[in-house]
Amino acid sequence: MRNINAIIALCLLISGLSCQPNTQDQQADTLPIYGQRHYDAALQDTVYHQVADFSFVNQDSATVTPTTFKGKIYIADFFFTSCPTICPIMKKEMLRVYEEFKDNDQVAILSHTIDPEYDTVGLLHDYAQRLGVNSNTWHFVTGDKEAIFDIGLKSYMVTAMEDEEAPGGLIHSGAFILVDEQRRIRGMYDGTVPEQVDVLINDIRRLLKEENQIATS
Amino acid sequence: MKQAFWLLISWLLISCDGSKFQNAATQNLSRADKLHYEQYMIQGQQLYNTHCSNCHQADGTGLGQLIPPLAQADYLLNDQSQTFCIIKYGLNDKITVNGIEYEQPMPANEKLTNIEIAQIATYVYNSWGHESGFIPVKRVSQEIDKCQ
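Keeping their order, the protein sequence lines are chains A and B.
In our numbering, each residue's number is its place in the first sequence (first place is 1) plus 402.
In our numbering, each residue's number is its place in the second sequence (first place is 1) plus 88.
Heads up, some of the hints might be wrong.
Unchecked claim - Chain A is faced by these chain B residues, among others (derived, beta-carbon under 8 Å):
hint, residue
1, GLN110
2, ASN142
3, CYS143
4, LEU151
5, GLY152
6, GLN153
7, LEU154
8, ILE155
No lab work stands behind these hints: they were computed from the structure.
Owing to the predicted nature of the structure, the values given are computational and were not obtained by experimental measurement.
For each residue, glycine too, the CB sits at the ideal point set by N, CA and C.
Isolated chain B (complex conformation) (with noise of 0.2 Å):
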């Protein structure tokens, strides 16, 4: 009885809840998985509206050649690890950004733990057209840990 409750549950999770999120790059995980990523994905944008739009905007698109883009940005597509550290310990470099370079400095935000750094990734890898797919906690780690 317990078990086919539950299994009612996660069924409607899955079939009501962020189907809208999925897309090519998370067709194959798992159902467990599927899940984590609707999580991250909504917890994500809520991150990412308090400690990222701001500058970035809500659409992902920057600010003239002050503040880089995110959506369709060459250097965050190519480069996951580096975005990670990125988004936690911020830049004072300058960097090109679809062939512009700004160096206005980005804040760090060490506040931010490697789940929520993994919610905010999973959100704007798979937002604005991009299709990156999950980001588990797990890779986020990894990375962070090899920051410079």
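Chain A with its partners taken away, still in its complex shape (with noise of 0.2 Å):
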């Protein structure tokens, strides 16, 4: 079963990946939507990748769900405290996406502990605290361990996992995933990279501009 599951997660990964914006997109000027697709024949419609439901608690003990970031779009990224490798940049290049729309109450951002055990509530609300943020826009959520590798994996289409070689003990990406209105995943970025995370910061004014054209229309 197991098994079944990394194949599923390296065919989403892959065909994640292989779902580059195409021209199609940059002329309409919206996103590309990533992730599998299928046509449901009840609905008469295309259904797309969601984010599934999952539940969290962030830094002020508060439960967060999907119904979070209702009317809003956030940015997802996975990292833990003690990280000694690419999780300060990521933390840097998150800080500029907070300041940017720190203001902008359909930003959010959710950053998940992958070592939930150090981790504590506690220590992710100091963390919080430490960078000068507030759990309005940027919740540092902690939970289950197992629930937090799989919703990376399915959900996110991104790495996360132990790994006793690794410095710290846990491997995972250092992507930043831009999720919209309808879970939908719409970029994926590199949070290690300023370069990359100007482009987000671009993609995030441009899909704000999209939902909310969706919102008037």
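Work from the hints to combine the two standalone chains into their complex.
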């Protein structure tokens, strides 16, 4: 069963990677929609890959579910507070995204710890405070470890797993994942590369424009 | 002939190479030490990017109140010896930098050799507006032996 899961995850990952923006999308000035899609005969419409249901706890002990992000777009990533490798760079870059959109209540950030045994609510609270960010915009969440690894692989199409050989004992992708109001993935960016984060900031503006056009039409 | 060749090489190195690294503190170095200093700066930057910049960032600004800055950091500028020791052996105690207390532990880098630490230190102490000058490996070796 584990193998099957891994294969499904791998397929999702490959399909996610191969789904690059095409010229049509650029012409229409909308961002691509990532992941597998299929036609639903009953709905008579295309069904897109969506982020699955989840329930985690943030730095203020509040429950965070997809409802938390209703009417918002959000950026997801995976990290752990004691991470000696790419996390501080990712957080420095995510801080730029935060500073840019902290006053816009349509934008949120969701950082999952992949080391929930060590990263307790109290520790995440301290971490967020020391970064100088508030929980209305930026959620640092912890929860069941398997559920976090699972949603990383299956919903966000990124790697997050234990590996004794890696520094800190965990390996994880440095991706920032842009999710729209319908829980669809609209962009993936390397959170350790400033130029890619510039693209993300620009894409957030494009996505907000798109969402607001839908809302008014 | 051979001498002339080497003279030409060293002249080329001095004139077109890392004069951009020179600052007030390195002006009075001998020609040989100036060359050493430039080598240290180049090596030091590479080592810094490998071992330090993930946390302290490429521009030395650190991260919020989680990871202290190195750029314009009073602690670092006031105590070179202790800085060498922290690079090598890490830090588990709290540290106050520019009036802010940081408590995230810093991992040790015991695999770094004294020359590598001297190169990193030379880079850190002569970047981001710092002008502390050349830190030869001999000095680092003396101080590292006294680390507690």
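Checked hints:
1. With a cut of 8 Å, the hint placing B/GLN110 at the interface with chain A is violated, because the nearest CB-to-CB distance is about 29 Å.
2. For B/ASN142, the interface hint holds, the least distance from its beta-carbon to any beta-carbon of chain A being 6 Å, beneath 8 Å.
3. With its C-beta approaching chain A no nearer than about 5 Å, B/CYS143 sits inside the 8 Å limit, and its interface hint holds.
4. Satisfaction of the interface hint for B/LEU151 is found here, the shortest Cβ-Cβ separation to chain A being roughly 5 Å, below the 8 Å cut-off.
5. Nearest Cβ of chain A to the Cβ of B/GLY152: about 4 Å, under the 8 Å cut. The hint holds.
6. For B/GLN153, the shortest C-beta to C-beta distance to chain A is roughly 4 Å, which falls under 8 Å, so the interface hint holds.
7. Interface hint at B/LEU154: satisfied, since its Cβ lies 5 Å from the closest Cβ of chain A, which is below the 8 Å cut-off.
8. At its closest, the beta carbon of B/ILE155 sits 6 Å from a beta carbon of chain A; the interface hint therefore holds under the 8 Å criterion.
The structure fails to meet hint 1 from the earlier list, while all remaining hints are met.
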